[in-house]
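K.L.:
Chains as they are written, first to last, in numbering that gives the first Met the number 0: chain A, 0 to 421; chain B, 0 to 274; chain C, 0 to 268.
Since the hints were made in silico from the structure, they are not lab data. These numbers were taken from a predicted model, which means no experiment stands behind them. We treat Cβ as the ideally placed atom computed from N, Cα and C, and that holds for glycine. A couple of the hints might just be wrong.
Keeping only pairs whose Cα atoms sit at most 30 Å apart, straight-line, the calculated BS3-like set for lysine-lysine is [as the list claims (entries may be wrong)]:
#: 1; chain 1: A; residue 1: Lys179; chain 2: A; residue 2: Lys414
#: 2; chain 1: B; residue 1: Lys63; chain 2: C; residue 2: Lys86
#: 3; chain 1: C; residue 1: Lys86; chain 2: C; residue 2: Lys43
#: 4; chain 1: A; residue 1: Lys86; chain 2: A; residue 2: Lys162
#: 5; chain 1: C; residue 1: Lys52; chain 2: C; residue 2: Lys86
#: 6; chain 1: B; residue 1: Lys185; chain 2: C; residue 2: Lys43
#: 7; chain 1: A; residue 1: Lys179; chain 2: A; residue 2: Lys162
#: 8; chain 1: B; residue 1: Lys158; chain 2: B; residue 2: Lys185
#: 9; chain 1: C; residue 1: Lys43; chain 2: B; residue 2: Lys176
#: 10; chain 1: C; residue 1: Lys138; chain 2: B; residue 2: Lys63
#: 11; chain 1: A; residue 1: Lys337; chain 2: C; residue 2: Lys258
#: 12; chain 1: B; residue 1: Lys54; chain 2: B; residue 2: Lys185
#: 13; chain 1: C; residue 1: Lys43; chain 2: B; residue 2: Lys158
#: 14; chain 1: A; residue 1: Lys189; chain 2: A; residue 2: Lys414
#: 15; chain 1: A; residue 1: Lys86; chain 2: A; residue 2: Lys337
#: 16; chain 1: C; residue 1: Lys137; chain 2: B; residue 2: Lys63
#: 17; chain 1: A; residue 1: Lys334; chain 2: A; residue 2: Lys86
#: 18; chain 1: A; residue 1: Lys189; chain 2: A; residue 2: Lys162
#: 19; chain 1: A; residue 1: Lys162; chain 2: A; residue 2: Lys414
#: 20; chain 1: B; residue 1: Lys54; chain 2: B; residue 2: Lys176
#: 21; chain 1: A; residue 1: Lys337; chain 2: A; residue 2: Lys414
#: 22; chain 1: A; residue 1: Lys189; chain 2: A; residue 2: Lys86
#: 23; chain 1: A; residue 1: Lys86; chain 2: A; residue 2: Lys414
#: 24; chain 1: A; residue 1: Lys334; chain 2: C; residue 2: Lys258
#: 25; chain 1: A; residue 1: Lys414; chain 2: A; residue 2: Lys334
#: 26; chain 1: C; residue 1: Lys258; chain 2: A; residue 2: Lys414
#: 27; chain 1: B; residue 1: Lys176; chain 2: B; residue 2: Lys158
#: 28; chain 1: C; residue 1: Lys258; chain 2: A; residue 2: Lys13
#: 29; chain 1: B; residue 1: Lys185; chain 2: C; residue 2: Lys137
Restraint-style ranges between C-beta atoms, simulated for each label pair [as the list claims (entries may be wrong)]:
#: 30; chain 1: C; residue 1: Val252; chain 2: A; residue 2: Asn290; range: 32 to 42 Å
#: 31; chain 1: C; residue 1: Thr130; chain 2: A; residue 2: Phe374; range: 22 to 32 Å
#: 32; chain 1: A; residue 1: Thr375; chain 2: C; residue 2: Leu77; range: 48 to 58 Å
#: 33; chain 1: C; residue 1: Ile262; chain 2: A; residue 2: Gly12; range: 17 to 27 Å
#: 34; chain 1: A; residue 1: Phe32; chain 2: B; residue 2: Glu162; range: 29 to 39 Å
#: 35; chain 1: C; residue 1: Leu239; chain 2: B; residue 2: Asp206; range: 54 to 64 Å
#: 36; chain 1: B; residue 1: Leu245; chain 2: C; residue 2: Asn176; range: 44 to 54 Å
#: 37; chain 1: C; residue 1: Val252; chain 2: A; residue 2: Ser27; range: 24 to 34 Å
#: 38; chain 1: A; residue 1: Leu313; chain 2: C; residue 2: Gly250; range: 12 to 22 Å
#: 39; chain 1: A; residue 1: Asn290; chain 2: C; residue 2: Ser146; range: 45 to 55 Å
#: 40; chain 1: A; residue 1: Ser256; chain 2: C; residue 2: Leu239; range: 32 to 42 Å
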Amino acid sequence: MINNIRYPTLRLGKTSIDLFPFWIGLLSIGFLFGLVGAFVVLRDGLDVTGLSNAVPWGLWISIDLSAISMGGSAFVFGVIVYILRIKRFEVIGKLAVLLGFLGYSTAGMVLLFDLGQPLRFWHPIVFWQPHSLLWEVTMCVVLYLNVLLAELLPIVLEHPIFKTHPWLTRYRLLGNLMNKVYSFSAWLHKAGPILAIAGLTLSLLHQASLGATYSVLAGRGIWFNQSAPVQFVLSAMSGGIALLFITSVFIFRVMRSGMVSDSALYDVARLAGGITLLLTYLRVWDWAVTNYYSFDREIFLQTQILDTIAPYSLTFWLGQALLPVIAGSILLAAKSIKNFRYLMAVAVIPIIAAIITRWNYNFAGLIASISYDPFTPNIVLNSYTPTWVEFAVGTMVICYWMLAFSLAARFLPFKSSHDHHE
Amino acid sequence: MEKDSENKPAGKNVSRRDLLKVGAALLGVTGLTQFVGLNTLKVRASETIDEGGRKWGMLIDINKCIGCNYCTYACQAINNLADDMLYNVVTAEETQSGEEFFLSRPCMQCAEAPCVHVCPVEATYYRPDGIVAMNYDRCIGCRYCQVACPYGARVFNWKEPIELSPKVPDFGTPELKNRPRGVVEKCHFCSHRIDEGLENGLTPGVDAQATPACVVVCPTNARIFGDTNDPQSPISIARAEATVTLRLREELSTEPRVYYIPPNPKPETQEEAGS
Amino acid sequence: MFWRFFIALLGLFALLKTGDDNVYALQPVRQTSGNEECSECHEKAVMLWTDSKHAGVPLNCTSCHVVLPGEGEEHPELQYSVESEEKTCATCHNDHYTQWYGGQHGDLSMSCTTCHEPHSQQQKLIGDNQTTCEACHKKQVDAGHGSTHEAAGASCVSCHIGNDSGHLFNATISTCNSCHSDIHDTNSLVLAGVDFAAQPAATEEPVATDEAAVSEGSEAGTTEAAPETPKGGVNLPSWLLLIAGLLVGGGVVWVVIGKDPGIPTEDEK
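Work the whole structure out from these sequences, hints included.
P.N.:
Below is the structure:
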């Protein structure tokens, strides 16, 4: 089956060039450029960023939230594959685990730079503060990253190089070690359902808590609502599954044709579409509650001032309301459309919507904050201009994501258990 | 789909066992969440019960404040702060009727501080005397507390700490070690002065050495400091004398320990301060 | 084995855990006797003193700080006081003392040390009287910026303290007369260095020949040029729009003229 992998090539007359090395090279350049920014920020501190006391969270937090939402398919497909035991999604489930791991490790990476004291990243694990939502998010993300690692290890070990490499026979210690790893991996594979349950619990907990991180802050009225946790969970699911659809078409239809049936891929698209529509329905009510039914003067003022800042109001109506409705409807009708080009293009929208949701949510309360003046409280309009360092580190983590994904797409076998037995 | 269901019979036993496993895992996770929940409640209860002993508070008479910024300068000198890192801020504000007044804002030292609730590592905590203090060795610099604070009272140490504040020596000399880059700093009611003073038998709020620098330096004595639980303390007496006091953003239930005497509608006091 | 390692790890973390409430607290400043002896610890205060006008007159630390009664033998146990202004400042500067406390400043219970750093006796806030006044009298100082008086090198104290260095801070006719003794003699202003032709530009950069006027004029220029208030919101660079446009455009082109990715599986045919 591995022999049949078709790689993206560039045809020039009779010769066809494998694009893979060039693509990896391009990403490596981006990664190295980002490393320069990372070095600068670790040396000079967060002063090199455009953050300020008024807007202490910026581009990196948005990337972090978005990366975590891009891993949203892992827990859904963990449940589908290990608990509901729907076999035709098994291979797609493996890809979902990979996406989950990439999303969470990316988030962890960018968070490290966002800390004022990066060397103290382990403090939340040792110094517990169970009141704090951020503590809960940190613990859940760390635990879930371990769960994802445990789920990913058997998938990575499927690669024949870990069985057939000459070093394994030449160095006996290495061979013995590899055997140990294999038995551990087999044990992990058996524990799949438990890992899936743990993954589901941890994921739901922290995806919701990421929304709650903002929505408990009474001091910034516009964040103080109750639907944010649900919004975050649902948008992570819709965006994550849409990403899973695009990537699985690429890996299982273009590169490894015949591995997954088209109908299974359509089902993935339909799942993403359904959740997108559900999310948009919820968001319309959320908008109504905060804007129409709310008589809170502060929230009213904040929404008013945010609506005057063009990108916010435009991105909300276009990116969070109108386009997702269209995209969700089209994805839901995947079986009737039967055109992967259209479906893939449309599946980009829930991904962008998930990113825009986090972007808007992160900045809404920071850009328009309420003053503490006792008699005439007004809205303070803050500004934030990200610097090149922030873009560089952002580029670095995105390049890391793409680099790891490209390597996995080319080298991981994504065997189904069907192949194992035969 | 049909193919898969054909494969099923062989694995039927396994799936029942899996179901048991799943059930056990679910129970375990539920139990864990319960444990965490109970723990959280327990800690909260113990915090709110602790009402005995001293609780430091501050009263700021807006009528007396002339907006000279001396409180800010003294704070800078004592804590060795650069000009862009202010624990204490004085701003010009207006009442509904358009009268100008100066609002000076230290940390409110809230009894229900949002910053303490959100800190993921317990780097900021309530001292038994009500002061919201920082453990600068523990802070990871995530800035969640800054986002949470409704008063903007927290400042992040974006740069390397300065050697000597520009307000030294005019307004005092640094009494504290510099905080490292990358932690969030805040006003602590000069807790080092309070602690030292109590050790030496002084009364914070009465003896200058044991009182926050901003209170001592205030040229018009607009700031009054003391133990809110002690009816004989300067702040309790002043609060009893004042007809009306207010706290900032009281609707958020943060229960600040900094009280304000709102500006009187009399125009003469304003004129006096201005001329 | 694993658990032992785990417990050892926890122990390690417990060791790493540091931080009492007041690791950052130092001793509060205390005073001591005899200038040389004092300077061993209170270097800064003594240095300010020796550079001050008071260093020339027979005064030392103990003039203002005296030992307080208490338990112990010497200074670190016994504390030094800060004597009241009545006992210290007023001994020599009685006229200023009575003037100050007879005026509006004193009514607001402001003291000598509100404006003067006690060890150097300099005015607080970089020793510039204008800045010292400005802390409270911001409107008046702002109104003075760009004025003819400022261009002529006059500052707050030129009028409000006057020749007798009074501490009532009332401007009297005598202070006016010190410059405008002959009110019709405009020549005195020209002699003072005022370039009348350049007056319109005086708000930006006052033309002045006087040294004092130059230093004050440049400061006025910086305060006058208020920084442009930045527009709120998240300001993203324009190249991001270019990248987004390229991606969207490429995607649309692909959707319109591209072909379906991959090979259809058998069950679909």
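K.L.:
Each of the hints needs a verdict: does it hold here or not?
P.N.:
The hints, checked one at a time:
Between A:Lys179 and A:Lys414, the direct Cα distance comes to roughly 21 Å. Compliance with the 30 Å bound is thereby established for this hinted pair. For a cut-off of 30 Å, the pair hint linking B:Lys63 to C:Lys86 stands: about 27 Å separates their Cα positions. A threshold of 30 Å between alpha carbons decides the hint, and for C:Lys86 with C:Lys43 the separation of about 24 Å falls inside it, so the pair holds. For the suggested pair A:Lys86 and A:Lys162, the alpha carbons sit about 26 Å apart, so the restraint of at most 30 Å is met.
Only pairs whose Cα atoms come within 30 Å are accepted, and C:Lys52 paired with C:Lys86 is accepted, the gap being roughly 19 Å. Of the supplied pair hints, the one linking B:Lys185 and C:Lys43 holds, its CA atoms being roughly 27 Å apart against a limit of 30 Å. A hinted pair counts as satisfied when its Cα atoms are at most 30 Å apart, and A:Lys179 with A:Lys162 qualifies at roughly 12 Å. In summary, the hint linking B:Lys158 to B:Lys185 is supported, as the alpha carbons are separated by about 15 Å, within the 30 Å threshold.
A threshold of 30 Å between alpha carbons decides the hint, and for C:Lys43 with B:Lys176 the separation of about 17 Å falls inside it, so the pair holds. Distance check on the hinted pair: C:Lys138 and B:Lys63 sit about 18 Å apart at the alpha-carbon level, within 30 Å; holds. In summary, the hint linking A:Lys337 to C:Lys258 is supported, as the alpha carbons are separated by about 13 Å, within the 30 Å threshold. Restraint check for B:Lys54 and B:Lys185: satisfied, since their Cα atoms lie roughly 18 Å apart, inside the 30 Å limit.
For the hint pairing C:Lys43 with B:Lys158, the CA-to-CA distance comes to about 26 Å; that is within 30 Å, so the pair holds. At roughly 16 Å between alpha-carbon atoms, A:Lys189 and A:Lys414 fall within 30 Å of each other, so this suggested pair holds. About 22 Å separates the Cα atoms of A:Lys86 and A:Lys337, which keeps this hinted pair within 30 Å; it holds. Our distance criterion of 30 Å between C-alpha atoms is met by C:Lys137 and B:Lys63, whose separation comes to about 16 Å.
For the suggested pair A:Lys334 and A:Lys86, the alpha carbons sit about 20 Å apart, so the restraint of at most 30 Å is met. Of the pairs offered as hints, the one joining A:Lys189 and A:Lys162 holds, with about 20 Å between alpha carbons and a cut-off of 30 Å not exceeded. Simply put, A:Lys162 and A:Lys414 have alpha-carbon atoms about 15 Å apart, close enough for the 30 Å limit, and the pair holds. Under the criterion of a C-alpha separation no larger than 30 Å, the hint pairing B:Lys54 with B:Lys176 is consistent with the structure, at around 25 Å.
Distance check on the hinted pair: A:Lys337 and A:Lys414 sit about 26 Å apart at the alpha-carbon level, within 30 Å; holds. Restraint check: the Cα-Cα separation between A:Lys189 and A:Lys86 comes to about 16 Å, which is no more than 30 Å; the hinted pair holds. Taking the CA atoms of A:Lys86 and A:Lys414, the gap is about 13 Å. The hint holds against a cut of 30 Å. Restraint check for A:Lys334 and C:Lys258: satisfied, since their Cα atoms lie roughly 18 Å apart, inside the 30 Å limit.
For the proposed pair A:Lys414 and A:Lys334, the alpha carbon gap of about 26 Å is at most 30 Å, so the pair holds. Distance hint between C:Lys258 and A:Lys414 is fulfilled; the C-alpha atoms sit about 28 Å from each other, no more than 30 Å. With a CA separation close to 16 Å, the supplied pair B:Lys176 and B:Lys158 stays within the 30 Å bound. A hinted pair counts as satisfied when its Cα atoms are at most 30 Å apart, and C:Lys258 with A:Lys13 qualifies at roughly 21 Å.
Between B:Lys185 and C:Lys137, the direct Cα distance comes to roughly 28 Å. Compliance with the 30 Å bound is thereby established for this hinted pair. A hinted range of 32 to 42 Å holds for the C-beta pair C:Val252 and A:Asn290, which are about 38 Å apart. Roughly 30 Å separates the CB atoms of C:Thr130 and A:Phe374, a value that falls within the hinted 22 to 32 Å. Between A:Thr375 and C:Leu77 the C-beta distance comes to about 53 Å, which sits within the given range of 48 to 58 Å.
A C-beta distance of roughly 24 Å is found between C:Ile262 and A:Gly12, which places it inside the suggested range of 17 to 27 Å. Judged by the Cβ atoms, the range 29 to 39 Å given for A:Phe32 and B:Glu162 holds: they are separated by roughly 35 Å. Look at C:Leu239 against B:Asp206: about 59 Å separates their beta carbons, and that is inside 54 to 64 Å. Between B:Leu245 and C:Asn176 the C-beta distance comes to about 50 Å, which sits within the given range of 44 to 54 Å.
Distance hint for C:Val252 and A:Ser27: a CB-CB separation of about 28 Å, consistent with the stated range 24 to 34 Å. Take A:Leu313 and C:Gly250: their Cβ atoms lie about 19 Å apart, and the range 12 to 22 Å holds. A hinted range of 45 to 55 Å holds for the C-beta pair A:Asn290 and C:Ser146, which are about 51 Å apart. The hinted window of 32 to 42 Å between A:Ser256 and C:Leu239 holds, with their beta carbons roughly 36 Å apart.
In terms of the numbered hints stated before, the structure departs from none.
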